[in-house]
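Mind docking these for me? Both chains are given alone in their own frames, and the hints should help you get the complex.
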Amino acid sequence: MNDSEKENIEEVVNPWLLTTYYKRLFPTHVYCKWLAYGEPTNSQLFSNREFSFTRGNDIYCRHLSFTNHLEFEKELLRPPIASKIDIGAVFTIKVPSNQYQPTERELVFDIDLTDYDDVRFCCVLGSNSIQDNLLGFSEADICKKCWSLAKVAIKIIDKALQDDFGFEQRLWIYSGRRGVHCWVCDPQARELQPSGRSAIVEYLTLVTGGENTSKRVSFSQPLHSSIQRAKQFIQEMFIRYACVDQAFLDLLLKFDTSPQRWAAFNRYVENETKNTKSRYPSKYLSSIIDEIQFEYCYPRLDVNVTKGINHLLKSPFSIHPKTGRVCVPIDVTKIDSFDPFTVPELRTLCQQVDALGVTHQSTGIAQQDGKHRSKDYNQTSLKPYVELFSKFVQKTQMNNLEETLAKSDLKAMITGDI
Amino acid sequence: MKHTYCQNDEERRWFLTNEIELFRYRFNLMTKTEQLSYLKNSPNIKQFYDVVNDEQKQELKQELINSSSSFHYTHIQQTFDEVTYFRVRFQHVPDLVRLRRCYLRAGYAYISEHDIISFVLQQYRTSLSYQMTCASKKFHLMKKLDTRIASVLKVLGMKRTVGVTTTNFNENEQTETITYDMLDTLAKKSYPLCMRHLHEQMTKQHHLKHLGRLQYRLFLKGIGLSLDECLKFFRNEFVSNGSMNPTQFEREHVYNIRHAYGQEGKHTSYTPYSCVKIIQDPPPGVNEYHGCPYRHWDPNTLKQRLSTNYGIHDEQVLNEIVDRSQNHHYQIACQIYFEYQHNVKNHGIGINHPNQYFNESRKILTGGATASTKPTES
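If you're matching them up, the sequences are chains A and B in order. Sequential numbering of the first sequence, starting at 1, is according to full-length UniProt numbering. Sequential numbering of the second sequence, starting at 1, is according to full-length UniProt numbering.
Keep in mind that the hints were calculated from the coordinates and are not lab data. Each residue gets a CB set at the ideal place from its N, CA and C atoms; glycine is no exception. A couple of the hints might just be wrong.
[Unchecked claim] Not the full set, but computed from the structure, chain B residues with beta-carbon under 7 Å of chain A:
(1) E63
(2) N66
(3) S67
(4) S70
(5) Q91
(6) V97
(7) R98
(8) V286
(9) D298
[Said to hold, decoys possible] Stretch by stretch, here's where chain B covers chain A in the computed footprint (C-beta under 8 Å, at least three residues):
(10) 164–170
(11) 189–197
[Claimed, not checked] Some chain B residues flagged as far from chain A (calculated, every beta-carbon gap over 10 Å):
(12) S37
(13) D50
(14) E82
(15) R87
(16) H140
(17) R148
(18) D181
(19) K188
(20) R196
(21) D314
(22) L318
(23) F338
(24) N343
Next up, chain B with everything else stripped away, as it sits in the complex (with noise of 0.2 Å):
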């Protein structure tokens, strides 16, 4: 198995985070006594941890208490003295740091038997992903050695892309030229509500934040701006309509821009983010526009742009796409936006990405509505 899916990173992924579930779900079945044993006899966990003594638990009490996450706490608070704690270095569990449910202190976290299961997960995720690491290492040797074993781990890697498959936008579907002129009213109509929000603070402050730029740059270039159209754009917001000097412009973002197209550097040429990676990128700051507008607006700011700015007054479309953005299914929302302002029902194709949702937009707008018709292939 893990040399069926070492190939390449996101099988990589994907086979991790799968395993990974099977072991928690495993790991959660046990009783307390059976993890404890568990943990006291893995060869590979047990020089990792210390039993924190019952002296030093009640000496840490208050701050054990209080660090502890949201949804143990008042149970922990009534059972504290029945709790056991465990010490390890903050490193191997990352994840509790990162939310603040641990109690730390010189280095060490302090994660209680409800926790300890993260840490189990992260000793044996690093396992695995040095394993998987190892064996794509040797996956180039075996192939020379014996096909045979190379394309019966075909086969069983086709098993698992039943059901996931993503469907990506395909770049060589633009037909139109576009020019930065356009922009405007492309923006209006054919774009994703995450672009649509870049293109216009981009047009009313005349600059974007780092990350923002990224995010809209390559969406750009994905809709088929030339590099030339888009040095044009930036150059007109940043420098005719905005307040940056033309050799700074120069210097600081014409290579930039080159870079995304794959005219400097590595000369990769750079794909557009896709939905999934926008969604979990590190969400906007003061001043920043990127991101997922329904994974990172508030309920309240999405809804009241949506029918302020947007345009949508149908309060049932409303409720449905900020009840659907609440329940974390940030791309049906971006769907039903798709829906109503295409005034199209039942599209059937699922939003991944911001450069599908625009090609999907222009097939219906300049009248090739093939795909509206045609029930999708899955």
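Isolated chain A (complex conformation) (with noise of 0.2 Å):
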């Protein structure tokens, strides 16, 4: 073994890593289910759906696109082999093509820790990396109590989504490392114009403005329900996240704790209200409260991810080039419970299957059989994001076919076959 192959090894991914994991762990075939809404050979959905990889470092491929699961597959393994998976929209006809015109995508979301890098002290001082993020760019990473705040967005979002816009088919994905996604998967939601996208995105945008203007949240009373409930949310978790993980008001005045110190500030407004002579106008006061709560927790979307409706976005399943991490579904449910920490990486699952394929050899099992590789991820930590990721698309398909037979009903109740 010469010194560059040793190097290899030592990385979080690498081509052989990478290759072990397409071809005996990436869930391919329910993959291509879930972008069909059915079967992936004759559904138009899944051939003309763009794709783009990575190759290696910095080739990428743009519109890529396949008939069946088996292609999708052959042209993930072809060398140089695909590093990071990025997923686009529907386009009216295969691509590439030169004249086509992007049909429907998933509404998706994009949160990344690092646009709270101005509210968020732990991994931003800790590090050494104070000046790149002053620079604007920061490599700080996260750790569980800045989670905190990726937990409270899947929250707020997600219920939004729900009873808000009334979408049932909502996929939340860990991006690897410093954020998550969610795909909306509603028929509904798939259609949906720019217009309907960017609407959405900034009804659930409070969040507004740079350095260059001294207040970002803006309220008037009475709050509009759906801030309300945000603010229920947010309540739940401030003190514990904001006060005591965070401190954040250690930072200005070093005697007595953070906790305290919000104390007596809501002490103090809550005077001032009183106070019919107060020097501050009762507008201000009775919001000033929320507005630093939401200020410090409320997600934060990236914006232009949602209202293009041909961005690219990260696939779900993909391997974070950086980690090493899987990018695997969120069970919303049990939000609380999920740590980014203990997402299954690349090296880890290849090791679980290196030592399944010797006992596997020795009871004489084919390695090229179709069956084996459904198993494989089935004996890994991998196991249970799979399973999460079938049933969401289960339930995608049930859907869309109870949709479809609708269709076909009504089709039939007006040609008057009924």
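Structure below.
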């Protein structure tokens, strides 16, 4: 073994590991079924879908499309092997071609914790990258403290998508490093025009403005019902997160603790509100507490990802090129127990597979057998995530089936067949 | 009419905006009963909405009141029982959803009679816009069949251009050769505030976020900085002075810069952003510095920066700039800044484009002051 090979083996991601992962672990079939909303073969939804692969470090291959899952897998493995998979929109005709228009696309959201850098102090001040952060391109990572921000963001956005917009098929994905994505797959969401998409994302955006604005959240009383609801989620975590974990007021003055300071501030505002001669206008006092809490904790969405119908987004089950973690689905019902640091890593998974390989060979099961593959992830730590994903895909297919049936019923009724 | 203005995007948008304004005016003139009967009898609309019945209305009372816009809030609170509520798909009222001015539940927006106009307008816009697209397809066919129609439409089209022509900058105006080491001086002398701010942040932080890069890069191209010089400038800031590693720069930024200059991808040479675009685009977020200072900065920040960083000590000028910005006359504010900076009065040229600002400034400073003496043609 020469030096360069040794070096490659030290890396979290390398072509050999990826080959094993795509061949034996990547849930190709159910994945393609998801995007086809049915069987991938003969599905225009699948064959007209744009994929984009990043090969090696910096070869971007856009406008790829496949007619079935086998073709997809073959292209994944073609060297230089795809290190990152992105999904684009469904187009009018199979890409690439000269004249095509995006026709539909899941409604997607992207939350990245780097967007919170001005209000999270744990990973920014603790590391050596203060300067980087001031420069606006922090390489700071995340920790359990700031993961709370992602949690509350998921809770708030998920609830709003369900209650306000009536979307039922929401797939949350951990992006492998510092963020989460949401894929809304209801047919109505997929058909949304850019105007509808931007309306939704702006409805969900409350923190606006950069350094040149003194106030980033502005409320008028009474609060809109969606803000009321978000407020409950934020209040649940604010003291614990901002005061205790982040100690956000400790930065200002070192004596006594953040929770005490925050409580004192609350009392002050309350007294001022009662005081009829207060030097602050009542309009200002009534919202100030909420505004501060929201500035620190309310979800910050990457607006452009949601707005563009053909914006690329990293695919579920892609590998994060820096951390080697798999982009796995998150069970929203168990969001509080989801821990990004226990998400399976490429290297660990491959070791688990390697251990299997020996036992299988001894029992004589053919490696090339298609059924064999479905067993492989079942025996690794990827299993629960694939199961979660399969359940989700099944749900989308059921609804899709119902819809097709309803449509054909309608057609039959119109033509008078019933 | 539709056929006249369907030929390019800009004209189409202009026509749509004006038609919609007219429609809004006419709809607002109607009484409530007339509006209701319009809703009930328009074949394109009635299938898309429901009237919320009283029982449900009372049930949702608190939410409906809390979620109404602040203009109508007090009014609705007092007259809630008389107000009619409608239920429509949220896609049909994107403007209300965007501003959180309606109650949303399970994909439906609940809107009061005060806001129903949004829904009607949206329907009207959709149908008109669809008709325009059809018209533009038909237009080419028509032109071939009968040349007379085309000439009639051409005359009609000219009517519109009176009064709304935008003086864009002329790309061939630059006479100087600009290299990247001149940018610092130029920024102080001839940049509009938006670009000056971007330049300063760039040299201070040695980095700019995506939208800032886009805005600044195209401006640089517009002032005549060659591709090579532009690459040098960015490389110098990001890599030599900043902390980006050279391979990352080569990988992520060189392509984009070449792309902006029309050397990659579609090979379109992109035009620099106009004021209107900069003002309307998404406002700058955390660590972002793009946008129009008069539009996106707080009045206080603006005032403070102008006096401490940009050397405007004349209180009257300062107040005038801030006033104009607060009244949404951003471009006029920019013009006042221009006049102050160049010590000219009533320069007479509206600022419509950062590059136009730059060119005008160069003209004055390099002596070719023809524009300032000659009255503008309009």
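Hint check results:
Hint on E63(B) holds. Least Cβ distance to chain A is approximately 5 Å, under the 7 Å limit. Hint on N66(B) holds. Least Cβ distance to chain A is approximately 5 Å, under the 7 Å limit. A distance limit of 7 Å between C-beta atoms decides the matter here; for S67(B) the minimum to chain A is near 5 Å, and the interface restraint holds. Interface hint at S70(B): satisfied, since its Cβ lies 5 Å from the closest Cβ of chain A, which is below the 7 Å cut-off.
Annotation: interface hint on Q91(B) holds; nearest CB of chain A at approximately 4 Å, less than 7 Å. Satisfaction of the interface hint for V97(B) is found here, the shortest Cβ-Cβ separation to chain A being roughly 4 Å, below the 7 Å cut-off. Interface restraint check: R98(B) against chain A, minimum CB-CB distance 4 Å, threshold 7 Å, status holds. Given hint, V286(B) at the interface with chain A, holds; its Cβ is 5 Å from that chain's nearest Cβ, closer than 7 Å.
For D298(B), the shortest C-beta to C-beta distance to chain A is roughly 5 Å, which falls under 7 Å, so the interface hint holds. For the segment 164–170 of chain A, the assignment as covered by chain B holds, since 4 residues bring a beta-carbon within under 8 Å of that chain's beta-carbons and 3 suffice. With 4 residues having a beta carbon nearer than 8 Å to a beta carbon of chain B, the segment 189–197 of chain A meets the requirement of three or more and the stated coverage holds. Listed as outside the interface, S37(B) is consistent with that label: its C-beta sits roughly 28 Å from the nearest C-beta of chain A, beyond the 10 Å cut-off.
The claim that D50(B) is not at the interface with chain A holds, since no C-beta of that chain comes within 10 Å of its own (minimum 15 Å). With a least CB separation of 20 Å from chain A, E82(B) remains clear of the 10 Å interface cut-off, as annotated. No Cβ of chain A comes within 10 Å of the Cβ of R87(B); the nearest lies about 12 Å off, and the non-interface call holds. Even its closest Cβ contact with chain A, about 16 Å, leaves H140(B) beyond 10 Å, as expected for a residue assigned away from the interface.
Separation of R148(B) from chain A is adequate, the least Cβ-Cβ distance of about 32 Å exceeding the 10 Å criterion. For D181(B), the condition that its CB be more than 10 Å from all CB atoms of chain A holds, with the nearest at approximately 22 Å. The claim that K188(B) lies off the interface holds: its Cβ sits roughly 20 Å from the closest Cβ of chain A, which is beyond the 10 Å cut-off. Residue placement check: R196(B) keeps its beta carbon more than 10 Å from all beta carbons of chain A (closest about 14 Å).
Taking the minimum C-beta to C-beta distance to chain A, about 22 Å, the non-interface status of D314(B) holds against the 10 Å cut. Residue placement check: L318(B) keeps its beta carbon more than 10 Å from all beta carbons of chain A (closest about 17 Å). With a minimum CB-CB distance of about 20 Å to chain A, F338(B) clears the 10 Å threshold, and the non-interface call stands. Taking the minimum C-beta to C-beta distance to chain A, about 27 Å, the non-interface status of N343(B) holds against the 10 Å cut.
Checked against the numbered hints given earlier, this structure breaks none of them.
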